[in-house]
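The lines below spell out each chain.
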Amino acid sequence: MSIEVPSSVDEFIQGEKEPASSGVVVVLGFVSMLSFLILYGILFPGRDMPVVSEVLPMFEGVFDSGIWFFLLGVIFGAFSIVATMLTEATSE
Amino acid sequence: MDVIVSTLAIFWLLLALSFILIKRGLWIFNDVAKGLSMFMLEKALGPATDFVSGRSGSASTTWIIHGLVWAFASSTFTFMGLWLSHDATALHSFESWGYHPDSSELLYAGRLTALFGAIGMLVVGASLYALPKLCGTHLASESNATLVSLLWTLSVLLMFVGSQNEQILGITILPVANLLLTLASTALIINVILTVSEATQEIPFPAWLIVYAFIGNIAAVLAVFASGAFDEGVGQWLLFHLVGGTFFFCGLAGVSLYSVSVGSGNPLWSKSLVAFTLFGAIITINPMGSTDPSMVVDLFSLSSNDLDASSRDVIAGSFLMALSAIPIIAFSANMLVTLRGADAFVENPDAPGIAELNLGAWMLIPIAIGSLFVQTDALGGVNELTGISQSIDLMAIWLVMMPLSIGSALNILPRASGRHQLSANRSRWAFWMMSGGAFLGLLITMMSDFTDMALTESMAEQGASINMELRKVGSVMFYGAVIGAIFHCTNTISGQYRGRIMGGPSEASLSSIAIESYTLTGPTSIRKILASGATLDTEVSPSEQSEEEGAPTEL
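Residue numbers (numbering that gives the first Met the number 0), protein chains in the order written: chain A, 0 to 91; chain B, 0 to 554.
Please note that a few of the clues may not be correct.
If you want a taste of the chain A side facing chain B, the calculated C-beta under 10 Å gives, among others [claimed, not checked]: (1) 31; (2) 80; (3) 82; (4) 87.
Beyond 10 Å from chain A on every Cβ pair, some chain B residues (computed) [said to hold, decoys possible]: (5) 14; (6) 17; (7) 52; (8) 348.
These aren't lab readings, by the way, just hints derived from the structure by calculation. Note that beta-carbon positions come from the ideal geometry of N, C-alpha and C, so glycine has one too.
The whole structure should be built from the sequences, with the hints applied where relevant.
Spelled out as structure tokens, the structure:
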């Protein structure tokens with residue numbers, strides 16, 4: 000007599016808690032990105048960055064005061080209030 | 000013409016009439032009036048009342064959360080206004096969208112949203128919980144009060160729009176906002192009077208302060224229009240200060256005195272001082288606020304007139320403003336002594352809101368004295384102190400009215416909603432950011448004002464560079480108030496869902512040396528137990544061990 004055993008579990012499984020080291024991967028990615036940007040400046044001195052150099056001039060004359068640094072904080076704060084309302088109301 | 004005394008006479012008469020009507024009722028029409036008013040508050044609104052919860056405390060919670068969000072908005076507008084006072088073109092990129100931000104307009108928006116949005120909504124929210132408790136009853140209509148908060152918020156939103164753009168599609172915005180505000184105020188007054196009519200105990204003085212905050216607001220408007228003073232500069236100035244003395248001062252005093260007792264666990268120090276606060280606030284003219292009554296002119300769509308007071312008006316106004324020192328000192332002293340109590344702080348002194356109440360009570364007297372000098376100077380037409388009037392006005396808002404309203408609201412919110420703020424620590428951070436930012440920011444801005452005044456007096460051709468630097472530092476410092484407001488908002492909103500349940504076991508410890516249990520081995524004093532690191536939540540358990548000297552066991 001033989002028992003039929005499924006060849007795979009066929010279930011999507013996701014952990015409830017975030018592993019502590021997962022943040023390291025994000026930081027590693029961020030540091031790598033900065034390193035490559037610096038490397039580009041060393042390898043191709045004086046040459047504009049592709050895509051970025053075409054997008055940035057659009058904002059010339061817009062964020063040309065220190066107040067924008069603070070307003071970014073205000074915008075972040077406003078979004079954090081809205082996000083808190085939404086996540087707290089919808090979380091189980 | 001003697002504008003001030005004649006207008007005040009009508010104002011006092013209206014308040015006396017309202018007191019008699021509240022105490023004596025409407026004779027045989029009482030039941031009809033009550034039934035009709037309840038119908039107007041609930042049934043007449045149709046299905047709209049079904050959208051909101053009629054749970055006890057829900058109205059208060061809604062108003063307080065709206066108020067905190069407006070505190071964030073108003074601090075942002077004030078910060079931007081202060082920044083643009085030294086860097087006028089900082090936001091010129093908005094001009095491509097047809098918006099031309101200006102320092103004075105943004106400061107005006109900050110004042111409107113702070114007064115009616117933040118302070119107004121926090122005071123109303125706290126009142127809707129405190130008044131029924133003080134009267135030993137329930138709020139007449141929780142669902143109507145909750146709905147009205149949306150109307151009030153809409154009117155404050157229109158105030159912001161109107162402060163930036165006077166007319167849209169040919170409609171002047173600020174009078175429309177004022178109309179909505181009056182509609183909301185009328186519904187609130189009916190709700191408040193119905194609640195008071197169901198009182199099951201003698202109404203204490205803080206409750207009368209709250210009642211007169213609502214009634215006094217409407218009475219002030221009626222008095223100024225009945226006396227015909229609305230078309231004169233003095234009448235407009237008087238209306239501004241009567242509303243400040245009733246709705247804002249009486250409202251703040253009522254909810255602050257209630258929450259200082261509830262929050263500290265100490266009985267209110269003096270009943271007579273509350274009576275002085277109430278009668279003083281009604282009889283005198285509160286000096287706090289701007290010297291420029293343009294807010295009244297804009298909200299009521301009046302023709303702007305110079306503050307050209309007659310000599311009798313100057314004498315009457317100055318005398319009545321000086322008299323206001325009595326209710327202000329009485330209120331401040333009562334708050335501070337109640338906070339300190341007899342010997343120990345019964346409740347947790349680190350609880351959210353206590354520090355704000357303490358700050359507001361401390362700052363009240365110096366700022367009121369400063370305002371008195373500035374107002375007397377403006378009323379007398381001397382105008383030597385006009386340069387600092389804006390800073391004094393902002394100080395009154397951000398160092399007296401905002402701390403007192405936020406402090407009361409933070410004390411009352413857990414009792415109304417059933418849950419504490421998410422984190423007492425974040426609440427403390429918010430206090431330090433808001434109070435530190437507002438205090439230092441406005442103090443440094445005032446230093447710059449004084450420099451400006453000195454330069455104007457000496458007729459200097461060029462401004463001092465240090466002046467702009469001071470304004471820059473002042474505006475950056477004020478940014479702390481914005482961050483503090485964000486902290487308060489997120490902490491309160493999260494607390495509504497995940498905060499510790501009210502009445503549950505306390506987790507807060509007073510200090511690192513606080514002990515959880517104390518073993519009582521013999522008679523001792525409470526002072527000795529407290530000195531050993533025990534707190535009011537420490538469990539004292541008598542020990543069965545004897546302290547008698549031991550001896551060999553007899554066989």
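Consistency of the hints with the structure:
1. 31: violated (32 Å)
2. 80: holds (5 Å)
3. 82: This hint holds: residue 82 of chain A lies near chain B, its Cβ roughly 9 Å from the closest one there, short of 10 Å.
4. 87: Since chain B brings a Cβ to about 4 Å from residue 87 of chain A, closer than 10 Å, the hint holds.
5. 14: holds (39 Å)
6. 17: Check passes; 39 Å lies beyond 10 Å.
7. 52: The claim holds: residue 52 of chain B sits with its nearest Cβ about 14 Å from chain A, beyond 10 Å.
8. 348: At roughly 27 Å from the nearest Cβ of chain A, residue 348 of chain B sits farther out than 10 Å, so the non-interface label holds.
Of the hints listed earlier, the one the structure fails to meet is number 1.
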